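There are 4 protein chains.
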Amino acid sequence: MTDRPLVIVAPHPRTLEMIFTPDALAAFRERYELWETSGDEIAALPPERLAEARYLVGQPDLSADLLGAMTGLRAIVNVEGNFTDNMPYTACFERGIHVLIASAVFAEPVAEMGLGMALALHRSIASADADFRAGREVWGLDGNGSARLLSGSRIGIVGFGDLGRAVNRLLAGFRAEVLAFDPWLPASVLRDHGVAPASLDEILRTCDTVFVTAAITAENGHLFDAAAFARMQPGAAFILLSRAGIVDFPAMLEAARRGRIKVATDVFPEEPPTADDPARSTPNTLLSAHRAGALDVAFQRMGDMLLDDLTLMDAGLPPARLRRAERETVGRMRSKPVSKS
Amino acid sequence: MTDRPLVIVAPHPRTLEMIFTPDALAAFRERYELWETSGDEIAALPPERLAEARYLVGQPDLSADLLGAMTGLRAIVNVEGNFTDNMPYTACFERGIHVLIASAVFAEPVAEMGLGMALALHRSIASADADFRAGREVWGLDGNGSARLLSGSRIGIVGFGDLGRAVNRLLAGFRAEVLAFDPWLPASVLRDHGVAPASLDEILRTCDTVFVTAAITAENGHLFDAAAFARMQPGAAFILLSRAGIVDFPAMLEAARRGRIKVATDVFPEEPPTADDPARSTPNTLLSAHRAGALDVAFQRMGDMLLDDLTLMDAGLPPARLRRAERETVGRMRSKPVSKS
Amino acid sequence: MTDRPLVIVAPHPRTLEMIFTPDALAAFRERYELWETSGDEIAALPPERLAEARYLVGQPDLSADLLGAMTGLRAIVNVEGNFTDNMPYTACFERGIHVLIASAVFAEPVAEMGLGMALALHRSIASADADFRAGREVWGLDGNGSARLLSGSRIGIVGFGDLGRAVNRLLAGFRAEVLAFDPWLPASVLRDHGVAPASLDEILRTCDTVFVTAAITAENGHLFDAAAFARMQPGAAFILLSRAGIVDFPAMLEAARRGRIKVATDVFPEEPPTADDPARSTPNTLLSAHRAGALDVAFQRMGDMLLDDLTLMDAGLPPARLRRAERETVGRMRSKPVSKS
Amino acid sequence: MTDRPLVIVAPHPRTLEMIFTPDALAAFRERYELWETSGDEIAALPPERLAEARYLVGQPDLSADLLGAMTGLRAIVNVEGNFTDNMPYTACFERGIHVLIASAVFAEPVAEMGLGMALALHRSIASADADFRAGREVWGLDGNGSARLLSGSRIGIVGFGDLGRAVNRLLAGFRAEVLAFDPWLPASVLRDHGVAPASLDEILRTCDTVFVTAAITAENGHLFDAAAFARMQPGAAFILLSRAGIVDFPAMLEAARRGRIKVATDVFPEEPPTADDPARSTPNTLLSAHRAGALDVAFQRMGDMLLDDLTLMDAGLPPARLRRAERETVGRMRSKPVSKS
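Protein chains in written order, with this note's numbering: chain A, 8 to 348; chain B, 8 to 348; chain C, 8 to 348; chain D, 8 to 348.
Chain A extracted, bound-state conformation:
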């Protein structure tokens, strides 16, 4: 017998150990009764326990009936990183059940990787290191043929959600002119963040560096195609941080191969690409194996955010840290669920 609130825990493909620091996990276990289960076994829980559950941590498939049985539910916390079409969101909204997601934890690590990639591309950090090890380094000014500064340059950010904002924040010290494009936000919100609203075309045509941070949606597949790359500044850097589907990948690689632009990407249409995938051998690129956000410290911040918001909801207050699913947009997302972290 306990009077601690009941939390159903089905965090697959995460584990509690992954999304909590040891201290936070101890606090979570101390303050709540956890029913640790898997998605396909939730339906088998006793009805009185389902009715008692205050929170659900995880993003299991949920039928309308099952959700209906969870009569005391206040929030569902997605710990995967993307909303998928596997639960009756509308019923949640009607009942005032918050559907929350901790994806913001990835913004900072991905933004740092993105900035590191941009600097590495513009200053040839990786290729010059390889050349040095091979004994063919070029010294001083001669080795800086295509080098560019970010400071004082024009930088574009496509998508201005958590990740785009994190990229912009890291640029604070660069005195750059930052342009942002986000069709889901009014220009005023962009200006409030100190960036200049711009069309995608203006960003492509005028920026030395373009960070792609937009989530993939029903509308923006292959937003960046051969025509888009053709409009970019010669020698500009294109940094793909969000999802491969937003880009015509062969067109992007071709633009890099021809030396028109430099490309860095953390994501690929198929992960991993095959051994003979041209991505592996295209020059003027920088490749990262979906590692930008997957830091242990990032995952562990999920637990902190979760504890903070459960505390608020326990006190009858709205959550303040996790992001909420929106009625208007939850159905527009097109990310595939990940099978591993």
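Calculated from the structure, these hints are not laboratory results. One or more hints might be untrue.
Taking CB as the label site, the calculated pair distances span [said to hold, decoys possible]:
#1 G323/C / S70/A: 23 to 31 Å
#2 P29/D / G152/C: 14 to 22 Å
#3 A225/C / E226/A: 39 to 47 Å
#4 R102/C / S70/A: 22 to 30 Å
#5 R331/A / S288/B: 48 to 56 Å
#6 L73/B / R265/A: 53 to 61 Å
#7 P29/D / A141/C: 30 to 38 Å
#8 E101/A / G46/C: 21 to 29 Å
#9 R238/A / A71/C: 52 to 60 Å
#10 V304/C / G228/A: 38 to 46 Å
#11 H200/C / V304/A: 51 to 59 Å
#12 P279/B / R331/A: 53 to 61 Å
Sample of chain C residues at the chain A side, in silico, Cβ under 8 Å [stated by the list, open to error]:
#13 F100
#14 G103
#15 I104
#16 V196
#17 D315
#18 T318
#19 L324
#20 R328
#21 E333
#22 T336
Please read these numbers as outputs of a predicted model, since none were measured by experiment. Ideal Cβ positions, reconstructed from N, Cα and C, are used throughout, including at glycine.
Given the coordinates of chain A, assemble chains B, C and D onto it according to the supplied hints.
What follows is chains B, C and D alone, placed relative to chain A:
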């Protein structure tokens, strides 16, 4: 016959085309009479022309007699980047001749390279790219074993002159705890720049990232030796941006080889190192062939600074952009002059 | 006949001319069909028009039946500044009708007034001006007995919503130590804004300046009482910017009268206070007749925010600028509606 | 017998107690042998003591002979706030004696007063308080007829030395467009501080707020005359923080009297003005009796700066905190010495 002020120009190893944009060079030629010469031929100029010269652009060897002959001289502008012991500085100070240097132009490009190197080390950007091309990349979380964030971390800056300040400025968006050590500055000046004054020992023992930006002086040769590296945090990044002489290079490489720390360096005791120099094959390092500051846009800013300050001095005002040699410190510097840009 | 979306407009006590610039109002009229009415006449609209209305601008009393008749309603936009208990919010939430408010427009003007008051109190700007006009000014150091700097000082902000954040933003250049107390937010959110989470007691005991920006709620009436003022630093400044009910007014005035603290207030328990109200003659105070937010430019920003969010909602996207009523908190607010602007 | 360095101390019109905190004064006395004297008695010191003196704290009249007798002198530290024409500066420069001044301590307090005055003018803080006490306050929007926001506005700073920079720093949180005019600085230095270089005319014609921070020089007497005020925006605020001589005072008062502009001033042509001086009764003004910089905490920072720089000079390093007299400009200043603090 002209009434434009006379400038003796002996910029070797730079050229005017290197240190001016075309527009700025046209303005320079328009506003001044330039006597373009080389260091060893200045003495051969007619005495009345020497007497007439208002400025000397370059850092040629100057005897006391030759300086004495330049009776109208207001300033000497070093465009190499370091003061060397080849002219009678004391006589300049007595006569109120400003001895100026444009080394600040290198601060921003070197700082960007330094930040890029730090991000590349902490996120394995270069080595993971090499692995990806070789078909042995590791995906997601598994590929991030030693990854660290700069955001929210503790970062040390050794030397807080132009370069140290530029590094600190680039860190503005990282919400990091920045510690700085500079024995030539009081703690209050460091605090005014928003960094925490610290001892070198505290920086070594507690920082995840250490940027070395200190000029080499009579006192700080081999400031970083085996004992220093042994005190550093396991896995910390050591970024050498200033001069190789400040470091015990074999000790630094050994610390990297043993995996204790990660090292990036833009400078080497001998440049280039021999083909079999161990620096070329040490793991956990990132190598750059003295390329951090040698950007065309950096050199070309020299001309802008020079024109600005000549304009001020023409108006009887003190220079405001170029840095002045100081009586106290000009003799303490130990940089070797560079033979090429 | 029109195919523009129908908006029911009942903005009393505002007018459209007050909450829109002329250009924005023209755009509003161009893009929407406006049915301009008053709160008590909405129920008399033809049922088909009620069913057709996409938005309601204003905060009229709404019965459940009337709301039920507005079957196409997507959002209600409160232009008064506080939510009041005069409509069936729960039904709105269930139906996904956004209940929005433009109160953020007041944050910036109120924050500026607050900072101006703080500087005026600490530097005796108003009282020294009065003394100067009366010929009894005190010069230089002698006239600065109780003067304090904000720069480098410890400053407390009570309540960290739109207004508290605006105050904090204005303090960006002061290098102050800013503490914030907000029981509705986790410490992490405060830290993300660069302020130190603190208890109310710590703020009272240690800050030289305390800005009160918290909305009045069911829980915080007379949060600042005689005991609270007794804990404050001698000579500290107490700036009341939100609602008079949060303070024991006589106790506040008494603390000022005794010279323990300095007080500035923009709000009063009864407005206006009677002619002989002691507030009018208490020394060490600075009085403002509920003028801090009531700027024409502030009201006119309401229209911009409204147009931005209607544009988003027209496109099937969630609003991004106006603040939403929350199920958890909309019933906790206790502000009286204003009868005039 | 002592081996502590000798410091001649003649700080009139300051005292050591005024320019040092007790702790700093104890440290000063501990580390140095102080010869406390007055300006007209220095010449009477024994020659061997004069020869021994390493530093002189104060700004006494010094003859060439007397300076010549101080053969070991490294620095003269002016603690008054302005250089005056009472010592052989050229001989100091030739000998490498630093002539230093602690005037930077006043920048922060004066800037805070200036910002407080600007906010008070634009929001009628002082006059509305007076009206409230007199029972004639005007509530809400009606009481804000001429109110303006600094946020997002255009602000001019005339003179961009320590004080102008301090004003600009305080404006960091206001998202304002800051223009600066300073004929002694190139545009690039202004841009480096994040302000837009502008002509005086552009500032006068376009800014809502103008801060005058320029020192009075040989060239800028009555820089602001009737024609200048006539060009200002109606309702703009003119904040005079530096010296009265830079302004045609009757013209300034007349512009305020006619309601064209609002004026705040901390300085007056004669201090104090006579009892019937029109300055005392001009409407639309805010008057301060030369109190902006005269804070005890400001004076006491002089001692900290002095100790820091003496420490550096003791170590053979150049001073880093106090400002140095410049050969080019030291003779251009026209401030009268102050007779009291």
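Each hint, compared with the structure:
1. Checking the proposed 23 to 31 Å range against G323/C and S70/A shows it holds: the Cβ atoms sit about 27 Å from each other.
2. The supplied range of 14 to 22 Å is met by P29/D and G152/C, whose beta-carbon atoms lie about 19 Å from each other.
3. The beta-carbon spacing between A225/C and E226/A, approximately 44 Å, falls within the hinted interval of 39 to 47 Å.
4. Checked against the given bound of 22 to 30 Å, the beta carbons of R102/C and S70/A, roughly 23 Å apart, stay inside it.
5. Look at R331/A against S288/B: about 52 Å separates their beta carbons, and that is inside 48 to 56 Å.
6. The hint said 53 to 61 Å for the Cβ distance between L73/B and R265/A, and at roughly 55 Å that hint holds.
7. Judged by the Cβ atoms, the range 30 to 38 Å given for P29/D and A141/C holds: they are separated by roughly 36 Å.
8. Between E101/A and G46/C the CB atoms are about 27 Å apart, so this pair conforms to the stated range of 21 to 29 Å.
9. For R238/A and A71/C, the Cβ-Cβ distance of about 55 Å falls inside the hinted range of 52 to 60 Å, so the restraint holds.
10. Roughly 43 Å separates the CB atoms of V304/C and G228/A, a value that falls within the hinted 38 to 46 Å.
11. In this structure the hint that H200/C and V304/A lie 51 to 59 Å apart at CB is violated, the actual value being about 21 Å.
12. Roughly 57 Å separates the CB atoms of P279/B and R331/A, a value that falls within the hinted 53 to 61 Å.
13. At about 6 Å, the closest approach between the beta carbon of F100/C and any beta carbon in chain A falls short of 8 Å, and the interface hint on this residue holds.
14. Annotation: G103/C was flagged as interfacial toward chain A, and the flag holds, the nearest CB pair being 5 Å apart, inside 8 Å.
15. About 10 Å separates the beta-carbon of I104/C from the nearest beta-carbon of chain A, more than 8 Å, and the hint is not met.
16. Residue-level restraint check for V196/C holds (minimum Cβ-Cβ distance to chain A is 5 Å; threshold 8 Å).
17. A cut of 8 Å between beta carbons decides the hint on D315/C: the least distance to chain A is about 4 Å, and the hint holds.
18. Because the smallest distance between the Cβ of T318/C and any Cβ of chain A comes to about 7 Å, under 8 Å, the interface hint for this residue holds.
19. The interface hint given for L324/C is met, as the beta carbon of that residue sits about 5 Å from the closest beta carbon of chain A, less than 8 Å.
20. Given the 8 Å rule on beta carbons, the hint for R328/C holds: about 6 Å separates it from the nearest Cβ of chain A.
21. Taking 8 Å as the C-beta cut-off, the interface hint given for E333/C holds, the closest approach to chain A being about 5 Å.
22. The beta carbon of T336/C is positioned within 8 Å of a beta carbon in chain A (closest approach about 6 Å), and the interface hint is therefore held.
In summary, the numbered hints that this structure violates are 11, 15.
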